[in-house]
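Heads up: the sequence lines are chains A and B, in that order. The numbering of the first sequence is numbering that gives the first Met the number 0, which starts it at 0 and goes up by one. The numbering of the second sequence is numbering that gives the first Met the number 0, which starts it at 0 and goes up by one.
Be aware that one or more of the hints could be misleading.
Stated by the list, open to error - No farther apart than 35 Å at their CA atoms in a straight line, the calculated lysine-lysine pairs in the DSBU-like style are these:
1) B:94 to B:143
2) A:183 to B:143
3) B:138 to A:183
4) A:321 to A:339
5) B:138 to B:89
6) B:162 to A:339
7) B:162 to B:94
8) B:89 to A:321
9) A:183 to A:159
Hints were generated in silico from the structure; no laboratory data involved.
Chain by chain, the residues:
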Amino acid sequence: MSAPLPSSAVNTNPQTSPASEPLLDVRNLYVEYLTPRGPVQAVTGVSFSIHPGEVFGLAGESGCGKSTIAHTILRILRPPAIVTGGNIFYKGIDVLEMGEEELKDYRGELAESGSQASALPRYTLESFRWAEVAMVFQSAMNSLNPVTRISSQITDVLMKHQKLSKQQALERAAELMAFVNIEKQRLDAYPHELSGGMRQRAVIAIALALNPSLLIMDEPTTALDVVVQKDILQQIQQLQERLGFSILFITHDLSLMVETSDRIAIMYAGEIVEMASASEIFNHALHPYTQGLLSSFPSITGPRVQLTGIPGSPPNLITPPKGCRFHPRCPYYDGIEREKSPELLEVAPGHWVACNCTTMIDKIPQGYKRDR
Amino acid sequence: MSVATSPTQSASDTPMLEVRHLVKHFPIGGLFQPKHVHAINDISFIVRRGQVVSLVGESGSGKSTTARLIIRLIQPTSGEILLDGVDILKSEPKKASLEFRRRVQMIFQDPFGSLSPNHSIGYQLSRPIIIHKRAEGKKAVQEKVYELLATAGLNPPHEMAEKYPFELSGGQRQRVSMARALAVEPELILADEPISMLDVSIRMGVLNLMQRLKDEHNIGFLYITHDLASARYIGDRTMVMYTGHIVESGESRTLMENPQHPYTQLLLSAVPNPHAGLTTKHVQARGEVPSLINPPPGCPFAPRCPKVMDVCRQSMPTRSTIAEGHWLCCHLFPADPVDG
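Based on the provided sequences and hints, a complete structural model is requested.
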């Protein structure tokens, strides 16, 4: 990409991380929502890492904490949500420690002093958000401002972060629109003049405006039709191959996720219950919840089998079930009351599962059919 | 175009619901430049007792409008809607009768908006029972409510009846909607995207409930969805809708395994399929759904179709039957002879 990045956003870090080092490392994260009825334990002890160039999928039902994690990474959680524990390291810097206001002065110096910048904190929140990690929000179709033109919504980002002139910003905006296959004439359009798919692509263009290293996509295509969804996902994949950013892909649609992601973490009630490569999840899912999720999607091919889904509904997170949070819905629950939820253990290389019924694991049938 | 005269159907076997040449144009624009949104363009289909017919299509293709026309929330521009052979548009031209509303019920997409937040579940279920006189006396009504709740899998019924919608999960609310539809012992239920707003793990439960009701109560369902996999899962037949036309219709399995219309092929190729990677199947057709305001003549899919021919831009294809119960509208296939 042609536009230069501002010095504050460029990773001036001399000790550039080797490929094996994770880009984003979430460690033991706890997030709670303080409500009058008690704290909702939305995220409890979640750890995962995303490597450069990787597409990492976070799957789970609504209310399991997927979006909360995304918002925590970008530090856009609002009260009553509070982070009660854990760290999020981005290129080795703790995102949760980044200052918002007090580092503003440094940024000016950073821009002037250039090379000596490494002595100073590498990121302030403002230089981190969007420049390093950008996000495509859920119902992105509605996240555009309806009363301003697409062009100014893109140039805003560029002028604010990269200090480009209006003219430069417009040129860059046209370039970005070309990335997502929208003619540059459409820059003058208002959001309502674009179709849902185009709006979604415009939002992706805005997210890519500052060349982020990590793109968080929170249910990016849920509101779209299948044909448009496929088109957009293919485009994102092409862009990802070309620009090499990492993706944190959040969705409840497991079949879509298996198709697009390299590695997948399955979340249930605020915890990661299983984490493995996409093919491993699809072919050798071990956790009863993952198996239940997989059997909640009817297939478009093959024989018509009776699917059961998962009986019951997700728990209330103010008073989550003791022990394994899935046990009230689990067909393999052994009846033993436990205090702590099972640990996430590596059962095969790269395949992590949190399940008490380890003895059950090899007995679990592939189809996960529950007799009733 | 011959309508619904499939060879398997004997004359005595009148379908429960038959829609013939249904058209709906919505007027828009000013007094001097009248324009019309061609929402539904000449659709015909039948739904039998104990049959689930899935209607699939992208948003804006006219699926919900079809349901709203059948349940008579809106008046069609032209066409016939026959219930057991009687054209209800002629027999009750202005307003649907109470009897019609008993026979045809609808389940809406949003389980959060379709129940009143101010009344208990029991109250909401008792209303249709009282209005439609399905039970007499307080005790009988209450018993009927409990029975409905149990049928919909909401246990224990006497506890559920006391609850208010906000106390229920999405899946439970949708079960209440279903129980409410069942309260009047309908013959046909129009289910407009009943699972699209539910959590993934509870969707199958709601679909299986629909299946059970179909089998046990011999109810016909028109299942409207954008999700082809669930359309196949529950639908005996599937109809594919595009810009207000039904472009292909057939037995669900045959249709999904052997799609013939280029649009159906496109739609199926776009469904996420973990067995194949994202890149293996290439989506050939690009572009988006054309505007429905005064559309040009010819096949509406022509601008996106990879197999487009000259004739496609000039005239609308008519029905071609390619196998028993499997027909489509495409110029690639010879049209059925016009009879009558």
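Broken hints, numbered, in rising order?
-> Of the numbered hints given earlier, those the structure breaks are 2, 3, 5 and 8, listed in rising order.
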